[in-house]
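A.B. asks: Chains A and B are the protein sequences, given in the same order.
Going by the numbering used here, the first residue of the first sequence is number 1, and it counts up by one from there.
Going by the numbering used here, the first residue of the second sequence is number 1001, and it counts up by one from there.
Any given hint could be a false lead.
Chain B stretches covered by chain A per the calculated footprint, using a threshold of three residues with CB under 8 Å from any CB of chain A [claimed, not checked]: (1) 1007-1020; (2) 1053-1065; (3) 1073-1082; (4) 1095-1103.
Derived list of chain A stretches under chain B, where covered just means 3 residues or more per stretch with a C-beta under 8 Å from a C-beta of chain B [said to hold, decoys possible]: (5) 19-29; (6) 35-44; (7) 56-62; (8) 123-133.
Just so you know, the hints here were simulated from the structure itself, not pulled from any lab data.
From a predicted model like this one, the values you see are computed outputs, not experimental measurements.
Built from N, CA and C at the ideal position, the CB exists for glycine as well.
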Amino acid sequence: MASTTHQVGKRYPPTVYAVGREKIREFAEATGETAPVCLDLDAARAAGHADLVAPPMFAVVYQKQAVWQALFDPELGIDFAMLVHGGQDFRWDDLVIAGDEITTHASVADISERAGNSFYVFETESVNQRGEPVCRGTWSNVVRGA
Amino acid sequence: MDVPELKVTPDRYVTYRYAGASGDFNPIHLDDEFARGVGLPGRILHGLYTMAQVARAQTEAGGGPESLRRLRVQFRGMGVPEAELTVRSTVTGVREGVAHVDCVVEQNGRAIVRNAEAEIAIGEPSTGAPA
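Based on the provided sequences and hints, a complete structural model is requested.
C.D. replies: Okay, structure coming up:
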């Protein structure tokens, strides 16, 4: 396989995701969320939030498009059929609320090759419409060698 | 504090609902024939769905979505629908109002998420200082 380690440090254009109330509810229901502030508008408002609160793992939704740029980057040439999600790390700051607009930057943090497998680590950083940090992600992927 | 064990049995169609909710339509999660064609036993759970169950165990113990500050997992096996997942969490220490938790997810007697670490904000009641 051709080495792509010179792509480490590459940054992708920011993506913007508009957080919708019903998308939060759909995600919360699909993951078995039980927190009332994620499901019930009255409960969210009673707790002092302007709208439904995104569960932490909703980061997957608003960071997806940013990290997809790296996963499908022809200059990285990832073989999707051999791709395995090896690990994931999220660090959260401010809550994400329906109505927020989340801007995410993705970059290539590391590429390495060991034992015929390729390891790709992508980092994502998201801020809300006020520029306040909401989530940083580290996405570790393994492409199994043929 | 304690983080109680969380048990959940993903139903037959959960991968379709999670695909729609997350936007991850990789056919290994949706199509048994495709999945078997690439050497899997059949449709598998999204790893990030399983991670969401780890997150839920923490936020339910921590008092809500704002309590989870960090979650790091390693995916080490394939989860499947229609078999119970068990999230086990062990608080290893509390420092400066943050509980550090080690977590594992087991299904059919195997760990499918290992070496997971969570940080849950639990406030700083011990200091007695007003915010």
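A.B. asks: Give a verdict on every hint.
C.D. replies: Going down the list of hints, with the structure as the test:
With 5 residues having a Cβ less than 8 Å from any Cβ of chain A, the stretch 1007-1020 of chain B passes the three-residue criterion, so the hint holds. Requiring three or more residues with a Cβ within less than 8 Å of a Cβ of chain A, the coverage given for the stretch 1053-1065 of chain B holds, as 7 such residues are present. Counting residues of the stretch 1073-1082 of chain B whose beta-carbon sits less than 8 Å from any beta-carbon of chain A gives 3, enough to reach three: the coverage restraint holds. Beta-carbon proximity to chain A at under 8 Å applies to 0 residues in the stretch 1095-1103 of chain B; the threshold of 3 is not reached and the given coverage is violated.
Counting residues of the stretch 19-29 of chain A whose C-beta sits closer than 8 Å to any C-beta of chain B gives 4, which meets the bar of three, so the coverage hint holds. For the stretch 35-44 of chain A, the stated coverage by chain B holds: 3 residues have a C-beta nearer than 8 Å to a C-beta of that chain, and at least 3 were required. Coverage of the stretch 56-62 of chain A by chain B holds in this model, with 4 residues showing a Cβ closer than 8 Å to a Cβ of that chain against a need of three. Figure legend: the stretch 123-133 of chain A, annotated as covered by chain B; annotation inconsistent (0 residues with Cβ-Cβ distances under 8 Å, at least 3 required).
Hints 4, 8, counting from the list given before, are not met by this structure.
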